[in-house]
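**Student:** From first to last, the protein sequence lines stand for chains A and B.
Numbering follows this note's numbering, with no gaps: position 103 of the first sequence is 103.
Numbering follows this note's numbering, with no gaps: position 275 of the second sequence is 1275.
It is worth saying that the hints were derived from the structure and are not from the lab.
Please note that the accuracy of each hint is not assured.
Selected chain B positions facing chain A (Cβ under 10 Å, derived; list incomplete) [claimed, not checked]: (1) 1160; (2) 1256; (3) 1258; (4) 1294; (5) 1295.
Listed below are several chain B residues computed to face chain A (Cβ distance under 10 Å; list not exhaustive) [to be verified]: (6) 1050; (7) 1052; (8) 1071; (9) 1109; (10) 1113; (11) 1167; (12) 1207; (13) 1208; (14) 1211; (15) 1251; (16) 1253; (17) 1270; (18) 1275; (19) 1278; (20) 1279; (21) 1281.
Keep in mind that this is a model prediction, so the values were computed, not measured.
Where a beta carbon is used, it is the ideal one built from N, C-alpha and C, also for glycine.
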Amino acid sequence: MLSKILNMKRTISIIILLFIVKSFAFSQCNKSLVTSCCTNISSDAIFLQQYRAKLRAAETDANLPVARFSVLLSKGNTYNLNVCSALDYEGEGVLQLYDGGKMIAGTYDAGSKTNFKGFQFFCTKTAIYKVYISFLDGKRGCAVGILSMKK
Amino acid sequence: MKIKHLLFTILSSGLLVACSNNTTNIDDDFIQSDSIIAPTSIEISKESMDDLIDNVSSPIEIASLLIDEKVPFSKDYIASTDHIDDLVTDFDCALNLGILGTDLGYLNLYEKTGSVMSTVAAINELASRLKVGQFFDFSLLKRLATSSNNLDSLIFTSISSFNNMDDYLRSNNRTNVSALIVSGVWLESTFLATQVYQNKTNKKIAERIGEQKLILNNLVLIMQNYKGDPRFEDLLSDFDELKKLFDKVKIVTVESDPISKVENGMLVIVQTSKSDVIITDEQIKEIGDLVSSLRRKYINKNNA
């Protein structure tokens, strides 16, 4: 009888532990990631927009998943674009800025193989740009991009 | 017995996981993105609509420009909130929510926190009528507005409330409401810029007015998607009239490669492409007069 009770207690503990671990693991890829990423906004910048991306792992090298967003940027403004990745996903977020079909800025520098946390963009042409978020090596990932504007 | 025990554990765990998935707040979830865009045959696809709506610039940028150009604050530019009770349809509430959203950005950036509360209260009321009131924490906004040390938090909370509400609307097949809100934002931002210009001419403000042409083109496309609804048709007709004026504005661009450098550990990109706006004072006056008239029409429903 005692051993049965102990076994039941152990079972219940495992179930509760699984529930907690699952909740914790998935709690990173949500609004809390946006909030924590916004703490990277410098004191002389104003938050403008958030871009959230959750992507599956790439099935082939030629077909990397990408999340795409549009944004109007105005000439004369200096914008900051930062990317933050959820820690419980293996992918490290890469953020790129496109003007038409041409990439004009990105967090990943192929030369030094460095993925910066963000970049500052001094805009001299008012236009509709594209923000792309993908993950290094096409890994499964969850990230948020934050657009802010220097005051 | 041990196998029964193991089965029970696995089944219970699965049940708990399934339950926790069902209770996740929809506005807390990240939407699973994909690079494949779903094709449509007649209407604009959801992804294209999202793109078009995303392209409306934040009202904060106009207000920031006015501050940079040392334009003094004027409460004459702010929409009255006395008419809120007259707004009964979702259409009118959404349009005016956008208008007031711009005013909130203007008030926040000019640090007129004392005047913010009536606008916040009106926003809260309109959002509740649209069943998106959960995105505006009225008590938090009130607390932040009444404390002079929390301006950055007030700006952030205001903007992220609107962004989260917008995400929710688009994820829940209410893109038409989202479209009306951004239309209201744009209308009020353009009103603000044209009114300021008529009191004090300024090259940068003139250019920003001319650049609104880019956004208006998208708004017209958005409204065309809802042509079956007479209210949207009326708004589209108004936007088409504005478009005729903006079509006279020229935007000239010169393309060039950007320069990138690392400064203090931060990646800095300096764009060298240029855009110039060719717009006359007369064109700005015509645009300003029509925008002002449309704004009056959509704010004062009973006096239209």
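**Student:** State for each hint whether it applies.
**Tutor:** Results for each hint:
1. Interface hint at residue 1160/B: satisfied, since its Cβ lies 7 Å from the closest Cβ of chain A, which is below the 10 Å cut-off.
2. For the restraint placing residue 1256/B at the interface with chain A, the shortest Cβ-Cβ distance is roughly 9 Å, inside the 10 Å limit, so the hint holds.
3. Below 10 Å, beta-carbon pairs count as interface contacts, and residue 1258/B has one with chain A at about 5 Å; its hint therefore holds.
4. About 21 Å separates the beta-carbon of residue 1294/B from the nearest beta-carbon of chain A, more than 10 Å, and the hint is not met.
5. A distance limit of 10 Å between C-beta atoms decides the matter here; for residue 1295/B the minimum to chain A is near 21 Å, and the interface restraint is violated.
6. Restraint check, residue 1050/B versus chain A: the minimum CB separation of about 8 Å is within 10 Å; hint holds.
7. Checking residue 1052/B against chain A: minimum C-beta separation of about 8 Å stays under 10 Å; hint holds.
8. Because the closest C-beta pair between residue 1071/B and chain A is about 15 Å apart, greater than 10 Å, the hint is violated.
9. Hint status for residue 1109/B relative to chain A: holds, with the closest Cβ pair at about 8 Å, below 10 Å.
10. Proximity of residue 1113/B to chain A is violated relative to the hint, the smallest CB-CB distance being about 16 Å (cut-off 10 Å).
11. Annotation: interface hint on residue 1167/B holds; nearest CB of chain A at approximately 8 Å, less than 10 Å.
12. Proximity of residue 1207/B to chain A holds as hinted, the smallest CB-CB distance being about 7 Å (cut-off 10 Å).
13. Taken as an interface hint, residue 1208/B checks out: its beta carbon lies about 7 Å from the nearest beta carbon of chain A, inside 10 Å.
14. The closest approach between the C-beta of residue 1211/B and any C-beta of chain A is roughly 5 Å, which is under the 10 Å cut-off, so the hint is satisfied.
15. Taking 10 Å as the C-beta contact cut-off toward chain A, the hint placing residue 1251/B at the interface holds, the least distance being around 8 Å.
16. The beta carbon of residue 1253/B comes within 6 Å of a beta carbon in chain A, closer than 10 Å, and the hint placing it at the interface holds.
17. A least Cβ separation of about 5 Å between residue 1270/B and chain A falls short of the 10 Å threshold, and the interface hint therefore holds.
18. The closest approach between the C-beta of residue 1275/B and any C-beta of chain A is roughly 4 Å, which is under the 10 Å cut-off, so the hint is satisfied.
19. Among the interface hints, the one on residue 1278/B is violated; its C-beta lies about 13 Å from the nearest C-beta in chain A, farther than the 10 Å criterion.
20. Against a cut-off of 10 Å between C-beta atoms, the interface hint on residue 1279/B is violated, since the closest Cβ of chain A lies about 13 Å away.
21. With 10 Å as the threshold, the beta carbon of residue 1281/B stays out of range of chain A, its nearest partner Cβ sitting at about 20 Å, so the hint is violated.
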